[in-house]
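J.: Here is how the chains run, residue by residue.
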Amino acid sequence: MENLSLMFAPLMSSKLMIVLVFGTLFGLILGVLPGLGPTTGGALILPFTMTLDPLSAIVLLTAIYCSATYGGAITAVLINTPGTPAAAATCLDGYPLAQKGEAGRALGMATVSSTIGGIFSVVVLVFFAPLLAQLAYEFGQPEYFALAIFGLTMLASIGEGSPIKNLIAGAFGILISTIGKDFMTSIERFTYGINELSEGIGFIPVVVGLFAISEMLTQSTLLDKVFKRVALKAVKLPSLLDYKKTWKTILRSSGIGSFIGVLPAEGGTVASLIGYSEAKRWSKNPEEFGKGSVEGIAGAEAANNAATGGAMVPTLALGIPGSATTAVILTGLIIHGVRPGPDLFREQPEFLYGIFGSMLIANILFFIFGFFGAKIFARITLVPNKLLWPMIFAVSVCGTYSLSQSMLDVWIMLFFGVIGFFMRRYGFSVVPVIIGLILGELVEGTLRQSLVIFEGNWLLFLTRPIVVTFFILSFIALIFPLLRKKKI
Amino acid sequence: MSNVQKQKRASKNLPFFFKDEFKVSFTIILVSTILLFSTFTFDIVPPILNRGIQPATFPKGLLLLIISLTLVVYYLSIKNPWKIEKKLPKTFFLTLLSFIFFIIVSKTLDFFLAISLLSVFVSYSWGERRLFYLILVSIIFPIIVFIFFETILGLRFPPGIITNIYYQV
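Here the protein sequences line up with chains P and C, keeping their order. The end of the first sequence is residue 666 by the working numbering, with every number in the run present. The end of the second sequence is residue 258 by the working numbering, with every number in the run present.
Just so you know, the hints here were simulated from the structure itself, not pulled from any lab data. Bear in mind the structure is a predicted one, so any value in this text is a computation, not a measurement. The beta carbon of each residue, even a glycine, is placed where N, CA and C say it ideally should be. Treat the hints with care, since some could be wrong.
[What the hints assert, rightly or not] Calculated cross-link-like contacts (lysine-lysine; reagent style DSSO-like; alpha-carbon spacing at most 30 Å):
#: 1; chain 1: P; residue 1: K469; chain 2: P; residue 2: K411
#: 2; chain 1: C; residue 1: K112; chain 2: C; residue 2: K176
#: 3; chain 1: P; residue 1: K359; chain 2: C; residue 2: K149
#: 4; chain 1: C; residue 1: K149; chain 2: C; residue 2: K196
#: 5; chain 1: C; residue 1: K172; chain 2: P; residue 2: K469
#: 6; chain 1: C; residue 1: K108; chain 2: P; residue 2: K359
#: 7; chain 1: P; residue 1: K469; chain 2: P; residue 2: K553
#: 8; chain 1: C; residue 1: K108; chain 2: C; residue 2: K196
#: 9; chain 1: P; residue 1: K462; chain 2: P; residue 2: K422
[Claimed, not checked] If the Cβ cut is set under 7 Å, some of the chain P residues that face chain C in the computed set are:
#: 10; residue: A349
#: 11; residue: L401
#: 12; residue: R430
Let the hints inform the model, and build the full structure from the sequences given.
T.: Here you go:
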């Protein structure tokens, strides 16, 4: 109870409230602009957070995460293009409803269900993150190794696209993390005589390259695409009939989204697709789906916003990111000297509950801003790409350079931008690369330390029950796509 | 027949070395093999100091995993070919070219000049012709970004013909 009262600390601090309001507005802008989103936006703003104290920095990043996830729905409804990948399922019914002249009703339903989904997931976060952290006290090096392997296999299994390609991308991410001096022996690996590579490749150049620069290249191929924008008069709160029709869907999707969010993968995207299909399966009027069903909008939006809180559970409790955006938040925590994990819950509860509280407030704020300001935010989509992307390039370059004041980081960013473009073109998701990069040190470190404990005997891994459980779960995660004949 | 099916059927008729799946798999395997060979040049820890595995073992394992999985991807693509991607437009190559110019100009002349030139080049090649907007993206916006990073983050940008004037070097 004492800890729960800490959740409302942000309300007492004018500085945190300013950060929250700014983060929510900035997140909405990022969410509305197709191609940008919480991951790219978070990575771009990370250098600026260095001027803030750790709590304000993480509050800013989480506010962006929550509101950008919702912001994607505005573009999905009005121009039939998801502002973020997590809003893809919202297009299916949001745009047809908007075409019928009910854009305000579609956005109202998206706003309400996003807010309920987001708040539901914060409740899940508040109750489950401490429990998971408690469990993590039992973990030694071998258990952390097995957990990281489980995280990567889950990512491959339930992420978007082909599981084998996801595994390749994840292994590539881990490989990038091995560049530089080996942490146990100081022997240089893949540095090829470049001194600046001794410290390894930074997270930010890779993220900005894979997301922002590769997106810029993608946009350069889509210049002939014309968006048809539906006019919006005002956002309308759902009617009593709409609430009656959708409350079960919203609750179900909130549960689905929170659960999927906890699993390491690009939670919001997968959650919204599952939330949408479950809404259709349980609906009394499935024939309305795809033609402007409010249940479809509610199912997708409640799920993708519920995934935000869910994804924060493993990030804070175990230091394992639940999505690409939480990987950026995790980096934010690390560069501010905060090490997520069980000790954080014991030693800095005010910090953690401040984050929980700010996520709760961010969900309420984007409801207010979305409700009253969707019309203004929708106008941002009118900024032409030929002006927007050169500006984003300027911010990307300066932001990447600013972290360690190294031009090598800028070259690395451009290199990964090109790699990311071709990866996406040929069906390799870039998200596993990010998760692999951030988990790489953990995977290798815990493996090698475990082998030291086991005196080189690999079979001793199988004597630890938690390790065996994670290995079995990893195996199931790997064969699951084959069982359901998912595309390879 | 859907477009994707048509594209897949068209892909089946191409010789194997022209297919995307071959080119992509071949590139991944080639790069991974080169990297795998380079791991043999890593220093070896003497047995007395070695704790656990050698520093090269883990990257070797990863590279072998990537090569094996890529072979699986290629094998599966024989049965189920990828759809043919559209040809990349001229604007893509111009954007890519602007990155190369950016690297050359920022290394030889000035970091900010490079940003300005890239911005005007990309904006123009993507179809912007209005002078005010070209000035906005190439001069006004980079100046705002420069001042913001310089004053708020206290960042010192690399030396160059323009930044040296600002820093009065």
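J.: So, for every hint listed, does it hold in this structure?
T.: Cross-check of the supplied hints:
1. Using a Cα cut-off of 30 Å, the hinted pair P/K469 and P/K411 holds, with the two alpha carbons roughly 21 Å apart.
2. Of the supplied pair hints, the one linking C/K112 and C/K176 holds, its CA atoms being roughly 15 Å apart against a limit of 30 Å.
3. For the hint linking P/K359 to C/K149, the alpha-carbon distance of about 16 Å falls within 30 Å, and the restraint holds.
4. Of the supplied pair hints, the one linking C/K149 and C/K196 is violated, its CA atoms being roughly 34 Å apart against a limit of 30 Å.
5. Of the supplied pair hints, the one linking C/K172 and P/K469 holds, its CA atoms being roughly 28 Å apart against a limit of 30 Å.
6. For the proposed pair C/K108 and P/K359, the alpha carbon gap of about 39 Å is over 30 Å, so the pair is violated.
7. In summary, the hint linking P/K469 to P/K553 is supported, as the alpha carbons are separated by about 23 Å, within the 30 Å threshold.
8. Between C/K108 and C/K196 the CA atoms are separated by roughly 37 Å; this puts the pair beyond 30 Å, and the hint is violated.
9. Distance restraint check for P/K462 and P/K422: the Cα-Cα separation of roughly 12 Å lies within the 30 Å cut-off, and the hinted pair is therefore satisfied.
10. Residue-level restraint check for P/A349 holds (minimum Cβ-Cβ distance to chain C is 5 Å; threshold 7 Å).
11. Contact between P/L401 and chain C, as hinted, is supported at the beta carbon level, the nearest pair being about 6 Å apart and thus within 7 Å.
12. Interface hint at P/R430: violated, since its Cβ lies 32 Å from the closest Cβ of chain C, which is beyond the 7 Å cut-off.
Hint check: violations occur at hints 4, 6, 8 and 12; the rest are consistent with the structure.
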